[in-house]
Structures are given as structure tokens and as C-alpha cells.
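Trainee: Each chain, letter by letter, is given below.
There are 2 protein chains.
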Amino acid sequence: MIDDFPHMRTALDQAEAAARSGEVPVGAVLVGPDGAVLAAAHNLVVTQHDPTAHAEMLVIREGARKLGSERLEGCDLYVTLEPCAMCAQAIAFARIRRVYYGAEDEKGGGVTVGARIFNQKTTHHRPEVIGGILDRQAGKILKDFFASKR
Amino acid sequence: MIDDFPHMRTALDQAEAAARSGEVPVGAVLVGPDGAVLAAAHNLVVTQHDPTAHAEMLVIREGARKLGSERLEGCDLYVTLEPCAMCAQAIAFARIRRVYYGAEDEKGGGVTVGARIFNQKTTHHRPEVIGGILDRQAGKILKDFFASKR
Numbered sequence: 001m002i003d004d005f006p007h008m009r010t011a012l013d014q015a016e017a018a019a020r021s022g023e024v025p026v027g028a029v030l031v032g033p034d035g036a037v038l039a040a041a042h043n044l045v046v047t048q049h050d051p052t053a054h055a056e057m058l059v060i061r062e063g064a065r066k067l068g069s070e071r072l073e074g075c076d077l078y079v080t081l082e083p084c085a086m087c088a089q090a091i092a093f094a095r096i097r098r099v100y101y102g103a104e105d106e107k108g109g110g111v112t113v114g115a116r117i118f119n120q121k122t123t124h125h126r127p128e129v130i131g132g133i134l135d136r137q138a139g140k141i142l143k144d145f146f147a148s149k150r
Numbered sequence: 001m002i003d004d005f006p007h008m009r010t011a012l013d014q015a016e017a018a019a020r021s022g023e024v025p026v027g028a029v030l031v032g033p034d035g036a037v038l039a040a041a042h043n044l045v046v047t048q049h050d051p052t053a054h055a056e057m058l059v060i061r062e063g064a065r066k067l068g069s070e071r072l073e074g075c076d077l078y079v080t081l082e083p084c085a086m087c088a089q090a091i092a093f094a095r096i097r098r099v100y101y102g103a104e105d106e107k108g109g110g111v112t113v114g115a116r117i118f119n120q121k122t123t124h125h126r127p128e129v130i131g132g133i134l135d136r137q138a139g140k141i142l143k144d145f146f147a148s149k150r
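Sequence order for the protein chains is X and H. Counting from 1, one number per residue, gives the positions in the first sequence under full-length UniProt numbering. Counting from 1, one number per residue, gives the positions in the second sequence under full-length UniProt numbering.
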């Protein structure tokens, strides 16, 4: 099972690194049309004093810079947690082909709950979305992190 | 009327500069708790090859960097166009106090249409929102820009 999703495994490693540095443990990986990893990152909101520095935003920005285009057509995103509305809208703007995510985020998600960005008529690109990939591992990292903060 | 909104006037100047450089003409200004301008910017999506480089995102990121905090409590944002869902969610994350915007965005907005970010239960901070500020000027800049592209 794990071997089927090596990129999600990399994203989980990123999430674990985030936890170690006191960041909410979410990791993301952007994969180019040729299957090569374009960017891997974890949340840096606290470290960078940047409320927009979610893992997904960081890999989208880095990937777009590397490809020299604001459109990431044919690219796939792996992220350990359901994207929030900010990241989901950025994913749509970037024309990402497919989003694989781990755990669902009942409280802050913007895909299956809340703003449901990809279901809005104002969203002009909808990626294919596959949730629940290695979700137990992703959820455990988050749960352990918040338990340690209490 | 115009003199009542000097920061929106600055944001409109930013939008005009954006149009001149081929960017979708939207400008934004972030004002600190003391009333001083923390950041002013316009869209840089094309120039920076960054799908997240909306005017609002750029001033939020710069303001947070300047204040050394991912939270912009007591700060107000002026933007010439209704924010999209990405920017609205970033505004909520940043805990911005008040959002003044110009024209409504029926097609791409995330405040009054579509995702209606500030009305979602998953949005944990809702700024005060005042729309329609110098909206005719803001709308005209956008209309002229898109007409010139046809």
C-alpha cells in the first residue's frame, strides 16, 4: 500500500519535519508532467511569519517558478491534509491536474466541507481529487502534534 | 468622496500600474494599526510566474514580514476588487480587522458570491467588510484592460 504512494510518503516526511520545528504538520509534494518531483515543502507559517505559507502554496509557488509559468498544467499535488479554501483556490488557479490528499479536515478544509472550492461555479478549473491516501498516518502526525501542545 | 479614501486611491494607482505592465489591474494597500501604510502592491501573477501573487496576498505577506507576525490584528486592507476565495481565506488567517473593496466580482469573487468565505463555519475569523468603495473607478480600470486585450 505505502509503496503505491511514494510521493505521499515524501509529503508525510515533510509533515514530520514540520512538527519537529513547531509548525502545524502538513507536508506537500508537487510532481511535474514527467513524473519528477518539482517541489516538496511543509508549512512555514510560524517560521516565515507568513499566514499564506501553507505547504501547498509553497510547492505551487516553487513549481511555477521552476517551470517559468503560473500554470502548472499536467502537474499533480500530494498533500497530507485536505486543502483549505486558500490552497484549493490556488490549486484551481494553477490548473493542477490531480490532487491526492491524506486526512480529511472537518474543521478547516475547503474541499469536502466549508467553501467546497471545487464545487463552486466561480471556480474555473477543477482538478481530479483523490482523498484518504495514507490518511491514518497523516492524521496521527497531526493528532500527536496537537496533543503535545496541550 | 475620493478624499475620504486615500488608501483606496493608492490601491487604484497600483491597479493602473498593473495594467501598464500587462497584469490584471487589481491593487491593494495594507494599513497598520497605527494608520500607516505597511504595504502596497498590485497583481504580479504573470511577472513573477506565481499563480498566488494576487495584490492582497502580496501586501499580507509583506505586512506580516514587516510586523514579524503571521497575524495582522488591527490591520485594514484596501483592495480595488472583491477578493477571490484564496485571498479571502488568507485575510481570515491573517486576522485582518477590516476589508474595504472596490468593485464586486461576480465571476471570480469569494466574498459575495461563490465560496463566500466569510460566511463559512470553517472560517474562524471574519473581518468587517465594506464594499463598493470607489467601485466605478476600479471597475473602469478592469473593463478598459480587458477591452484592450480583445
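Just to be clear, a hint being listed does not mean it is correct.
Copies of the same chain are indistinguishable here, so a pair counts whether it falls within one copy or spans any two.
[What the hints assert, rightly or not] Here are the simulated lysine-lysine pairs, DSS-like style, with alpha carbons at most 30 Å apart:
1) K107 - K121
2) K66 - K140
3) K143 - K66
4) K107 - K149
5) K121 - K149
6) K143 - K107
7) K121 - K143
8) K140 - K121
9) K66 - K149
10) K107 - K140
Hints were generated in silico from the structure; no laboratory data involved.
Trainee: If a hint holds in the structure, say so; if it does not, say that too.
Mentor: These are the hints, each one checked on the structure:
In this assembly of identical chains, K107 and K121 lie within 30 Å of each other by CA distance both inside one copy and across copies; the values are 23 Å within and 8 Å between. For the identical chains of this complex, K66 and K140 are neighbours neither inside a copy (32 Å) nor across copies (35 Å), given an alpha-carbon limit of 30 Å. Taking the shortest alpha-carbon separations for K143 and K66, neither the intra-copy value of 34 Å nor the inter-copy value of 32 Å comes in at or below 30 Å. With identical chains, the CA atoms of K107 and K149 are at most 30 Å apart within one copy only, with a shortest distance of 18 Å there and 41 Å across copies.
When the C-alpha separation of K121 and K149 is checked against a cutoff of 30 Å, the pair qualifies only between copies, where the shortest distance is 24 Å, while the shortest distance within a copy is 39 Å. Only within a single protomer do K143 and K107 lie at most 30 Å apart by alpha-carbon distance; the minimum there is 13 Å, versus 38 Å between protomers. With identical chains, the CA atoms of K121 and K143 are at most 30 Å apart between copies only, with a shortest distance of 22 Å across copies and 34 Å within one. Only between protomers do K140 and K121 lie at most 30 Å apart by alpha-carbon distance; the minimum there is 24 Å, versus 34 Å within a single protomer.
For the homomeric pair K66 and K149, the shortest alpha-carbon distance between copies (27 Å) is at most 30 Å, but the shortest distance inside one copy (36 Å) is not. Taking the closest pair of Cα atoms, K107 and K140 come within 30 Å of each other only inside a single copy of the chain (16 Å); across copies the shortest separation is 39 Å, beyond that limit.
Violation of the numbered hints given earlier is confined to hints 2 and 3; the remaining hints are satisfied by the structure.
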